[in-house]
Every structure is written in structure tokens, then in C-alpha cells.
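There are 2 protein chains.
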Amino acid sequence: METDIQIAQGSSLKPIVEIAAALGLSEDAIEQYGPYKGKISYPTLMELKQKEAGKLVLVTAINPTPAGEGKSTVTIGLADSLNAAGHQTMIALREPSLGPVMGLKGGAAGGGYAQVLPMEDINLHFTGDMHALTSAHNTLSALIDNHIHQGNALDLDPSRIAWKRVLDINDRSLRQIVTGLGGPINGQPREDGFDITVASEMMAILCLARDLQDLQERLANILIGYNRADQPLFVKDLEVQGALTLLLKDALKPNLVQTIYGTPALVHGGPFANIAHGCNSVLATETALSLADITVTEAGFGADLGAEKFLDIKVPHLRKAPDAIVLVATIRALKMHGGISKADLAQEDLGTLEAGFANLSHHVNSLATTGRPVIVALNRFAGDSPAELTLLQELCQAAAIPVALTEVWEKGPQGGQELVKTLLPYLAEEKDFTPYYQVEDQFLTKLEKLAQKAYGAQGVDLAPKAAKQLNHFQNQGWDQLPICMAKTPYSLSDNPSLGGRPQNFRITIREFQLRHGAGFIVALAGNVLTMPGLPKEPAAFHMGLDADGQVFGLF
Amino acid sequence: METDIQIAQGSSLKPIVEIAAALGLSEDAIEQYGPYKGKISYPTLMELKQKEAGKLVLVTAINPTPAGEGKSTVTIGLADSLNAAGHQTMIALREPSLGPVMGLKGGAAGGGYAQVLPMEDINLHFTGDMHALTSAHNTLSALIDNHIHQGNALDLDPSRIAWKRVLDINDRSLRQIVTGLGGPINGQPREDGFDITVASEMMAILCLARDLQDLQERLANILIGYNRADQPLFVKDLEVQGALTLLLKDALKPNLVQTIYGTPALVHGGPFANIAHGCNSVLATETALSLADITVTEAGFGADLGAEKFLDIKVPHLRKAPDAIVLVATIRALKMHGGISKADLAQEDLGTLEAGFANLSHHVNSLATTGRPVIVALNRFAGDSPAELTLLQELCQAAAIPVALTEVWEKGPQGGQELVKTLLPYLAEEKDFTPYYQVEDQFLTKLEKLAQKAYGAQGVDLAPKAAKQLNHFQNQGWDQLPICMAKTPYSLSDNPSLGGRPQNFRITIREFQLRHGAGFIVALAGNVLTMPGLPKEPAAFHMGLDADGQVFGLF
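If you're matching them up, the sequences are chains A and B in order.
All the letters of the first sequence, read from the start, carry residue numbers 1 to 555 under this note's numbering.
All the letters of the second sequence, read from the start, carry residue numbers 1 to 555 under this note's numbering.
Don't read these hints as lab results, they were simulated from the structure.
One thing to keep in mind: the hints can contain errors.
The list treats identical chains as interchangeable, and a pair is accepted whether it falls inside one copy or across any two copies.
[As the list claims (entries may be wrong)] Pairs of lysine-lysine residues, derived as DSS-like cross-links and limited to a Cα-Cα distance of at most 25 Å, are as follows:
#1 K431 <-> K411
#2 K49 <-> K320
#3 K236 <-> K105
#4 K453 <-> K431
#5 K320 <-> K421
This is chain A alone, in the form it adopts within the complex (with noise of 0.2 Å):
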């Protein structure tokens, strides 16, 4: 069996202007990064605005387990699989994190025969986008901490900044820090913290922005924290928005890289999915929209907390919502969520399949509401039993949802040609779009609709500290704003251990955190970890180049 990276190796790239030439694109509008990727140059991006919108098609999953559902796999071969039918296709992808590559995950550019290339380039620092927004991000908290030190004009308050700094590492020892220890002339010691980079609200930002001008209004409009005379202070209030929006002039621009089988695909943006809504950028999106008859795309996690957050605080900036929506299960996730060990999932198990089915039919019932259909996306692994696949195809016919099985990882296009045949007549048919909340709800009306939309929960609590935030917000007139929700993703609930499709509970919210600049009120269901930890044998112990120069060791 080859791994990943050998079979992306073994695989022979077309030069990224004859990618970019497929679609119409000419050498000037292809900005290049070596001879197999590519930035969209800005202005072919603010022409291609003017073009009409093709299908948009969404992949999203059931609730993760540690057995894995291979959406972003799912997404690359279905993409593969439309271009071997014959319709012209392409991907939307969130770029990779190095901080998550070197500890635990090794990669995250799909896997098997249903890759984004060059991986190696992908995994590693491709082109740049996270550098760049990990030095504007610590740009402004150096301004932030500079202005209290050269005089504090603002009256900043120092115990009370909302900007932390970030690395695009997991490095657990810069979760909680002190800093300006040594005197004076080290300016004054505070409280503070590193996140990861893909947690930073310009991540968030620079995934919203349409254009050069949004981007530098929402990085003014970005909360620094709050005066002496308790206002709240904003980047506008330092005046450097120009300098912030000039260190991402480049990381705006989309990606062009291919599939193996020469599928066009724009990796760009990866805000995290719990503090930030998780899917790529909205000008790759659009750019696909206007390039492709078809697009797919993926949002983080699993349907409750991905896809909504996909459906109402990404769409409104598309011209168009999902015309259909891919939900990936797996056999072996559904048998966790019935009940069953990591251990024993080798085990043909019916009873627990059938039990963790409840998980599958809430999140299509839940999209459902969306008024888009929905298309079971059943990714075979090789364990899956011929009685678990022919008892997870008939609890779908049974409860009339659309399922296909794809076996795109090991066959690539050819193995997703059952879910292209039973997706495309869904992509003809036009229907209305409902969001799970109105914008203009009031806040908790919001918080209800989601919750018990796309988790059935009974309804939400608000912990004493949410409730005080959430006047405040009231009385600034925030509480306009759509909601992130920032929830396990492993439970349907706020608690990680409740698999399948938990009953009778309620969602409590214990902190409120406003991204005024990206636009969006973060809402904390649950201790959030913005900061990962490496495991103790991370997956840098195992990369390298060997003696030919090729990258060994991501996956």
C-alpha cells in the first residue's frame, strides 16, 4: 500500500498556468509561487465578480470521531469524479496549519487517490498566507503594546486588551504568559497569551473580506479592548488598519493548485471552526463560483457546527447558497456513535450501526430545514463489512435520504461515480434558501433557532457572565451580528462524551466573545482550546528530505 505522500510523489503535475489557461486564465492573471501553484492576480478577481455564478455544491459530515470520515478526501474525489463525468469542476479547500502538520496530523490535503498537490508545499508553508497573517497579527499587538508604552494617548487599559499574540505552532507553553518583565524600557508587564494562528480574527477577516477595501474596514473595525472610561477601543482608534491591510494585500488573494487528476483547486483561508466559522475564504469561493459550472467546498467539522456556520455567516457574502449538500459518514464513525470502542471497531457490529444512525439522521433533518437537498456520502473503508454497507443503504432508503457509496481514497474519480449519479439531479432543481436564524432576530431568538435547529437541543442557557456580556453588547447595538458558535464538535450537545443523538438537553453559554472586525459574536458552549498542545511523539520526529532531496514524513 503507498502512503499519501507517495502517491503524490508519483504523481505528475501540469505547470499551474496550463491549469489556470483550462479555465480561461491568462499568464498575467495567474500570479506564480514555483511552477505549481499560484495566487490569482487581483484585478482578474475583481473581474470575475461580473461573471454568473455556477452550482455550489457543500460537503459536510456527522459529528467526528477518533475513526475519521475523510470529508476533505470526500471533497477532492467528488470534485475528480464530476470532471471524469464530464462537468467541468472545481474545488474550494481551506489551507493547512503547520502547527497541527507537526504535531499530530502529519498533513491535511486530502489523502490516498484523492489529493490536493504539490502536498508537501500545501502541508508546509505554501504560499505564505498564515505568515503573513501571523506578522500582522503580532504587528498590531506590538502597536497596542507600544502605544501604552510611548504615553497610553488612548487611555488604554492594559488589564483589559483583547488582542492576543499568535504562532502558527501548537506550543502549549504560550497559552498563558506574562509579558514586559525586565523594567521599564520592556515597556509594562501584563497578562497575555499566544494562540494559533488559524484562531486569529484576521484569519476570520481575510476569509470574509470581498475585496481589498472590506478587508481594510474590518481590520479597523477589529476590538482591541476597552478604556479607563470603559469604551471600547478599535484598530481605527491607532490608525494602522493601512499597515495591516498592506501585510495582507497578498494572503487576499486565492490559491490555484490541482487535484492528482488535474482538477483545478483554490486552497485559501482556514479560520479554526469552533472560535471562527471554518470554511475557506469567500473570494475562493466566489472565484470558483464564477470560473467552474460546478464548485465544491467544505466546512469544518460536522454539520452542526460547520455547514451552519457555512449557512449563516458564509453565504450571505456568496451570491448564492449550496445548491446541494454532501453529508460524509463512515461506518466506523457511526458504529462510535452508537456505542462502540476505538478498540473493537474492526468488529462487524449492526446493533451499533443502526444505534449511531440517529447521528446521520439528525444532520440531514437539520439541513434539511435549509430547504437544499441533502446526499449521503458513504466513504467505504476497507473493514466495512458487505452487511454494515448493506444496512446503512437501507436505513437511508428507509428514511428516504439519498445515499451513495464512495471509495474515492482508493480508487480516485472512478470510485466517486455513484455519488456523482445520485447528486447531479439535485443540482438541476432550484429551491429556496432558509438560514437556521434571521440576522435580524433578536440575539437569543438566534441562539434558540440554532440550537435547536442544528443541534436539537431543548434550548440555551446563559451562564451569569454571557447574560451581563450580552447586555452590553445590546447596548452598543452589536448583538446585530450573526453567531459563532464555539461547541465540542464530537457531541451533538455541549458535552464531548454524548455520541449518536443525544435527547432532552440544553446548551449553556458561559462567554461571549465579540470579533467586531470579522463580524460575528463568538459563542463559548464549552471550554475552547485556542492554543494545541504537540503530543508527546509529534509527527515532526518523522519528516525530513532523504539523500534525493524528497520530502519524507507528511501524510
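The hints should help you fit chain B onto chain A, whose structure is shown.
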């Protein structure tokens, strides 16, 4: 008067593949980063080592003053002037650090009609080399703290970790911090701090590495700290040199750009000129030597620091020592060395000029001990009076120092023809080269020779801490390494307020720092700030994009 950025934006650039083609490099040899920047491919770099080396000109300067010298401008302008005179010439320069660009400097790509382009890119993220270094450096930091957190099998003493963290930002608040707060899940609390990325040992390593294997060996040899039995521990003990090499494999490749007049320039690497050696990469200089008849390169600060390190630390890794050395001086700076205040600089003052000449003549005599010719480039500023210019030329002639007026900032290649005519005859000569010291000398002998010849000091004293360290280094066999002196750049002595040519002084070494991977020992003669702060009005305040998307505020 046009600003630097206006001149830059008014220039028309050739596609970088055209610049490369004129050097005999095929399109395959260039990894494009947009149309005007390219990295030279690794196989091409290795092939070029076989070609014969052209002539090498090192540009250095008198001790810097607040009046400015224009060393990079003369370097770029000299190369343009040589090309205009029909001599095929290339430039090898350092790349700027984003921290100072956002802080005081606003840019560092030459000035006036002697600039490397595209200056906006070079001054911002360029091709991501700095960011790759930041990533690799902090990945190692995270792996070290993770090692301690996950059981500390190497028994690393948390109070003796020799590896800090870095960011390419000016941020005084990060100089001294405490990390790992918040309980055991966040690791172990300890004192730490951030340096600016250009101060990272990895930057020095990148700039000295001959190839990927050499890079990996040097990374493996980085000292990370000591165990509780007082034994040194290295990156190779953590076994992560492979992952670090992977993160730096693209940053190792020199970046090809062009000047306003189309002169090819390799702009690559930028180590600090105090705690590191302050010159662009060995690979860039070597590659330029193979591609051009003449290579013009530059070393940081004044000749006592930058040129000395070039000659003693970098030259052993090059095929040749410089064929000639150009020493940049300005009337303004010499007057400041003679004692005039910055406020009075506009006044003609022959007395302070003559007094300040002692600084220039010391550098010329010191550099002459290497056996290589030294030519003074008198970099003309608008306010220089005819009498001052005449006096300086007379002083040089009286001391038999070749001198040429340069006006490349204002006039481009036309303004450098006198320097070309003065320099060229010296390039035809073949002379022996003598470094300031022999690396095999006793360590104290090396220190004494360096201080006496380069600084005109009477000798060197070791503070008790330094003496104790030297003893440890001798026991470990590390005293065989060259010295990297970290001294104030503003004086030949270790007292920054002593301009001109101080007499009867000794140099005191407070402390040593081992750079075991880079392969030198830093000798600290005074306080060296390895993380700059931002000024009251950072350059970032005045940067941005105008309505047409044009960058403003870099210079």
C-alpha cells in the same frame, strides 16, 4: 523630489525569467514568486558551483552615525554603474527584516535611483524566507518545551535552556516573558523571551550553509541547553533536524530580483550584524560569483564589525576573498565623527571634517592589513559644500587612499562612473589575502588580534563570567571556532559615544554565547538588544494602499 517608492513605482521591470535568461538560466532554473521575483532552483544552485568564480567587491563603511552613510545605495549603484560601463555585474545583498520596516526604517532596498525592485515586496514578505525561519525556530522552541512536558527523557534543565523564541517584529514587550503559566496542562513555567528573527542562530546557519546537507548538520549541532548533569544537549539529541531542514528547504534558495536599471541581484538572508555575522548568504554570493564577471556585495554596520566578520567568518566558506573593498563615507558622517552635532550638520565645518577623517583612515589601514585594495566611495549628499568635498579628497590623496565621488542616489549609473574608473584597475591585480586572525590561533590570541587590528584597541579583557565560559568552551573543544564580536557599531571602541578614532582603549568581553550550529562564538562587548522596540511614531502609521491599490509609506 520623488520619494524612493515613487521612483520604484515609476520604474518598469523586466519579467524575472528575462533577467535570468540574460544570466544563462533557463525558465526551469527559476521558481517564480510572481512575475518579478524568483528563487534559483536547488539543482541549478548545485550545478553552478562548478563554474569559475568572477571578481568580488565588498562594500563596507566607516562607523555609522545618525547622519546615514548609504552603503546599500552605493552597493546597488556601483553594480548598476559597472553594468552601464560594460562589465557584467551582479549584486548579493541581505534581505530586510519586517520589524524595522514597520518600526523606524520603513524599508531597506537601497534608495533614490539605486534600488532593488519590487521594493514593496522585498520590504514586506518577499519570498517568505524570514517567515520560514520564524516557523522553524519556534517549532524547535515548542519541541523543547514539549520534551520537558512529556517526561523530559533528556533531563533538560528548564533554567538552562539556550534557545529562545523569535518573531520578525519589533516588540519590546516580548523581550522578557514568563511562559507555561496556568497550571500543568500548559507546561512548566519558566523565564524566556523573544528575539527578532534575524537574530536567530538559524538565520546565521541559513546564511553559512553550502547545501541542504550542510544545513541539516548545522541545525543538528545547535546547542539547546544543558541537562542537570551539566552536559550540553543539541538538536540532534531531540532528533528533529529533519523537520527543521524541511521547514527551511525553500528559504535556502537565493532570491533573484533586479535593480531599477535591470542589474540582477540576489537578495538573500539577513543575519543580525552584532550577535551574528551580518552578510547575505554564502549560497547567494557563491551563485553570483558563478553567474557574473563581477559581484558587488555588502556587509553590515562599519568595517570594524561587518567587514571583519565577512572576512573572518564568511570568506572561509567562499571560493575567494574580496578582490577589492569599497569603503563608503559621507561628509556628514565624518563631521559627526569629528564632533559636530546632528543639528549643525548643514553648516560647512572643515575642522570637524578633518578631525573625523581619523575614523576613515583607521578603517582603510585596518582593511589594508588583509592585503586587498581599499577604495573610498565618497557618497555625496545634497548639503555637502564644495570646500568640504575638496578637503576630503585632499586628505585621502595625502594618505595615498584612492577615493571617488559617487552620486548614484541622485543620478543612478551615471553617478557611479568615477567610482568604476577608480575601482577597475584594482580588480585586475592578484594579491594574497590575510584574515584578521587565524582560526587555529589560541582563542585569546584571536580576540587580541581582532581588537588590535580592526578596532585599534590596545587589548582585550575578559570579565569573570566570560573567563569562566572560555574555560568551559576550551574543555569542550569549542574554542577552535571563529569569533563573532557583538560590539557597538557606533564606535571603534566598546563605548558608543566615542566617535572618530578613539585612542588608548581596551575592549572588555562581558560574556560569550556559543553558536554551535552556525559555527562561531559570539563575544559580547556591551549590551546588545536582540529584540528592538517600536518608536513613538512607527513607520507603520504612514503605510497603506491608496484607492488604486498602490502601496504607499515604504521608503
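Worksheet item: At most 25 Å between C-alpha atoms: does K320 with K421 qualify within a copy, between copies, both, or neither?
Response: Within one copy only: 23 Å inside a chain, 67 Å across chains, cut-off 25 Å.
Worksheet item: Between copies, within a copy, both or neither: which fits K49 and K320 at Cα up to 25 Å?
Response: So K49 and K320 pass the 25 Å test inside one copy only (13 Å; across, 55 Å).
Worksheet item: From the Cα coordinates, with 25 Å as the cut-off, is the pair K236 and K105 best called within, between, both, or neither?
Response: between (38 Å within a copy, 23 Å between copies)
Fill in: 25 Å Cα threshold - placement of K431 relative to K453
within (19 Å within a copy, 83 Å between copies)
Discussion item. At most 25 Å between alpha carbons: which applies to K431 and K411, within, between, both or neither?
Written reply: neither (33 Å within a copy, 67 Å between copies)
Of the numbered hints given earlier, the model fails hint 1 alone.
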